[in-house]
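Chemist: In case it helps, numbering that gives the first Met the number 0 puts the sequence shown at residues 0 to 177.
Because the hints were derived from the structure by calculation, they are not lab data. Hints are supplied without guarantee of correctness; some may be wrong.
What the hints assert, rightly or not - Pairs of lysine-lysine, DSSO-like flavour, derived with a Cα cap of 27 Å:
| hint | residue 1 | residue 2 |
| --- | --- | --- |
| 1 | K119 | K101 |
| 2 | K167 | K114 |
| 3 | K68 | K93 |
| 4 | K70 | K101 |
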Amino acid sequence: MVIGVPSSTLLCFDCNAAIEQIVSLHKDASCNKGSVVLTSLNGRFLDRTDFSESSTRIIVTIGILFPPKQKNLIRAKVEYNDAESRREHHHHNKVNGMDWLKIQAKRKLCQAADKCIHHKDVWGAIIMIDSRFDNSWRNILPRWMNELIETETNIRNFVKELQTFIEKHNSQTSRSTE
0 MVIGVPSSTL LCFDCNAAIE QIVSLHKDAS CNKGSVVLTS LNGRFLDRTD
50 FSESSTRIIV TIGILFPPKQ KNLIRAKVEY NDAESRREHH HHNKVNGMDW
100 LKIQAKRKLC QAADKCIHHK DVWGAIIMID SRFDNSWRNI LPRWMNELIE
150 TETNIRNFVK ELQTFIEKHN SQTSRSTE
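Using the sequences provided together with the hints, build the complete structure.
Modeler: Structure (structure tokens):
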């Protein structure tokens, strides 16, 4: 389902039939005032869509997407990893079931970040909202991401920092294109 709303905002809910239309509307809107695309981290839209470098400046993730443990295959993988990590003759680098689940969730977060930051010359903000992003989570995120993480719990400070970040990078981008 695609819903067009004022101010070039686009709300989209993952749907195979709408992916092409969503991408087209997003690209048209980004030439004007900008656009917003909402999708699930596990959706086909995120998996299949490639945006141009300048069209996606902010990625917001709400929550952490773990594989569904109620699925038999996932449950079996978690149990296998738990059993293998406890075996004495194995190396200590075997991951247990929970660590394996965290790695899968990390992959989804990194995939979302890649929609915003393709390489070192592209800028964007990745906003991860979840109370579980503590030090244990920071340790499994990629080093480049971990080194840049700033934690802010005050919404006013967050908005001010985000505005400053965007203004700084927008001015650098406009100077480099002149």
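Chemist: Compare the structure with each hint and give your call.
Modeler: Comparing the hints with the structure gives:
1. K119 x K101: holds (26 Å)
2. K167 x K114: holds (21 Å)
3. K68 x K93: Satisfied, since the Cα-Cα distance of roughly 19 Å is no more than 27 Å.
4. K70 x K101: holds (16 Å)
In summary, this structure violates none of the numbered hints.
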